[in-house]
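Protein chains: 2
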Amino acid sequence: MKRPPAHVSLYRRSLPNFLIPFVSTKGKTLFKGALNEGNMENYFELSEQYVTQARPEDCAVSSLVMILNSLGIDPEKKWKGPWRWFSEDLLSCVDPLADGFSLHQFLQLAVCNKAWAMGYYSSLQQIPKKEEFQCGIHFSSLNYRIASLDTFRIATIAACRQPKFFLTMNYSRKALSQTGEGHYSPIAGYNSEHDMCLILDVARFKYPAYWCPLHMAYKALQPEDPVCKKSRGFILASRSREYYSELCSRQMDTVSLRKIKEPVTRELLQKGHEDLLPIILRLYYDFYEFKPNETQVSAELETVEDFQMDARIETLIKELNPEIPNAKRIVTGIFGKDPKGVCQKYKKYFGLK
Amino acid sequence: MKRPPAHVSLYRRSLPNFLIPFVSTKGKTLFKGALNEGNMENYFELSEQYVTQARPEDCAVSSLVMILNSLGIDPEKKWKGPWRWFSEDLLSCVDPLADGFSLHQFLQLAVCNKAWAMGYYSSLQQIPKKEEFQCGIHFSSLNYRIASLDTFRIATIAACRQPKFFLTMNYSRKALSQTGEGHYSPIAGYNSEHDMCLILDVARFKYPAYWCPLHMAYKALQPEDPVCKKSRGFILASRSREYYSELCSRQMDTVSLRKIKEPVTRELLQKGHEDLLPIILRLYYDFYEFKPNETQVSAELETVEDFQMDARIETLIKELNPEIPNAKRIVTGIFGKDPKGVCQKYKKYFGLK
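Going down the list, the protein sequences come from chains A and V.
In short: position in the first sequence from 1, add 479, done, that's the numbering used here.
In short: position in the second sequence from 1, add 479, done, that's the numbering used here.
The set of hints was computed from the structure by calculation and includes no laboratory data.
Since we're looking at a predicted model, the values are computed, not measured.
Just to be clear, a hint being listed does not mean it is correct.
Treat identical chains as interchangeable: a pair holds within one or across any two.
[Said to hold, decoys possible] Distance condition first, Cα-Cα at most 20 Å in a straight line; then the derived EDC-like pairs of lysine to aspartate or glutamate:
#1 Lys653 / Glu611
#2 Lys557 / Glu536
#3 Lys643 / Glu672
#4 Lys708 / Glu660
#5 Lys709 / Asp674
#6 Lys505 / Glu610
#7 Lys609 / Asp578
#8 Lys609 / Asp674
#9 Lys698 / Glu611
#10 Lys709 / Asp574
#11 Lys593 / Asp553
#12 Lys709 / Glu555
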């Protein structure tokens, strides 16, 4: 879309019909549905940090400012007065391209500002699985994956069901029938009944926040970024890797789960996306109504309920385990970070001591 | 609270225990409760426009920017690039005091930026009922009232139950056991079960958004503003007076209503706050389960339900009408703005043709 001539001035744009404004009656209904499903857990932090991008090229840094402040990361630099706080101009360390930031640069910016982050491209291409880079006085590493629609859906659900785990889209506005080119904004909710996600657009002077069909959002991740010649994609971010692999904390509504169970397993096995295993496992646990708490931990294993639960989990693990080369290593990692020891008794199923 | 020395830097402050963080588990429960009560209707617009005040003296203008953008008012001035949008630096027309804006100035700023607004002081004092002032090329008028706790509660509920009707508090931080002095922030929700309101604090680098017991919020409106020697208070704002006097649009949950019915009537009659009548009437209508829609309008009056409803409304009007000198004028105004003619048939009860 060409820029309007200098004398033109604009007051907002209208959303295309397939995008539902956050503030509309339909939008509120989607919101309530998603809230009741438990798929708005990260909404609260993000909405509390909602900002407007100040310049056309600022969508990436404004989205990242939302993420970093939502994560409660202390920038350890003064912002204004005595206060330490993330604002766009505090995110140094990466020089933007002329038109903004590539997905790679967003990931760099996130990592060198002390977030843990994982980048996902939406198309199959040769990308480094891990890349080291120097940031100030220390080395950090950037992690990449490739995401199908199903992976995108899992990641969206996983993020929306946790308070401190965030997904930022790097997408093509054109693919969503909006004016403009590449854009960044975080996702802050998922309605599984309608398979729609809530995008908190940071260009608030132009488009409001809106609900978008998930497959359309994924479609908008696919066009090539003309500058870096790669597909667009998304970034998962949290304070540490532990959030990514956290196993025993959340419940999954069965509607959401039904949408991801089958294709996920298939993709996981076919493409070797073993880093998604922790999320999948958590979802499966919840699906099988394994909702661990301290009472359950102290309960005897020989009760009928426990037996049935164990049998279900055994089946699940048999289904996943042999096909994935380093499942054992990953599962060890997860169980090692299980603070309440809830998962201890299931170690045997993974061949662990 | 003295300012910290220059070398000190701070990362946020902790809220006192009686204030519940928006993002906390308790906060989410209050949110869901209020949402189900229908007392979060203006939350959606406001949260979509949430901003951080950039300087200590900016709390008033940042709150007003949220309100004006939430109201969808076109500033008719360019902000950045081709876009017209409200930001703090576009709100000219009033010079702030050294430490920020008085309630009077906030009202001026709101009105000269094309909002309709009504100011409420929290203590009995001689204030002009209406004040003319010149703003740019036109004259505008400022309206004032005095609000008891009950009036504050009604106004909060009325605002929270409508999408385009907003309440901004001008309060003392000290009275809420927070550091700092006078402050502005909008209210974006009300939980009637716990009688708490949601304050979207614009100093996000300092305090998060939080739920506050309504009587504590009111207490924080009472201390005198040392500069203008008046109590603090709050401002109701909308696009036009019609929102303020809109009669036939909303339903009220009975829990909320029970809290306000008795004291409101008393106060209305005692203090002559006849401008609140439209809100009260709307609440009463809803309380008596008068939920007008087009089907009801076309229904015959002689049905049992209509008869009962009419009888109830007649009782209500008898209760309110004779005590209030200009009730007739006000009610005429309301009924004249009734676009669907829903209220026409009740004109007779007010002695109107």
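Verification of the supplied hints:
Within a single copy, Lys653 and Glu611 get their C-alpha atoms no closer than 33 Å, and across copies no closer than 49 Å, so neither meets the 20 Å cut-off. For a Cα distance limit of 20 Å, the shortest separation of Lys557 from Glu536 across copies, 18 Å, qualifies, whereas the shortest one inside one copy, 24 Å, does not. Taking the closest pair of Cα atoms, Lys643 and Glu672 never come within 20 Å of each other, the shortest separation being 23 Å inside a single copy and 29 Å across copies. In this assembly of identical chains, the alpha carbons of Lys708 and Glu660 lie at most 20 Å apart only when taken from the same copy (14 Å versus 53 Å across copies).
For the homomeric pair Lys709 and Asp674, neither the shortest alpha-carbon distance inside one copy (27 Å) nor that between copies (53 Å) is at most 20 Å. Within a single copy, Lys505 and Glu610 get their C-alpha atoms no closer than 43 Å, and across copies no closer than 41 Å, so neither meets the 20 Å cut-off. Taking the shortest Cα distances, Lys609 and Asp578 never come within 20 Å of each other, neither inside one copy (26 Å) nor across copies (51 Å). Proximity of Lys609 and Asp674 under a CA criterion of 20 Å is satisfied in neither setting, with 31 Å inside one chain copy and 52 Å between copies.
With identical chains, the CA atoms of Lys698 and Glu611 are never at most 20 Å apart, being 30 Å at best within one copy and 55 Å at best between copies. Taking CA atoms no more than 20 Å apart as the test, Lys709 paired with Asp574 passes inside one copy only; the shortest distance there is 19 Å, against 51 Å between copies. When the C-alpha separation of Lys593 and Asp553 is checked against a cutoff of 20 Å, the pair qualifies only within one copy, where the shortest distance is 9 Å, while the shortest distance between copies is 39 Å. Within a single copy, Lys709 and Glu555 get their C-alpha atoms no closer than 34 Å, and across copies no closer than 40 Å, so neither meets the 20 Å cut-off.
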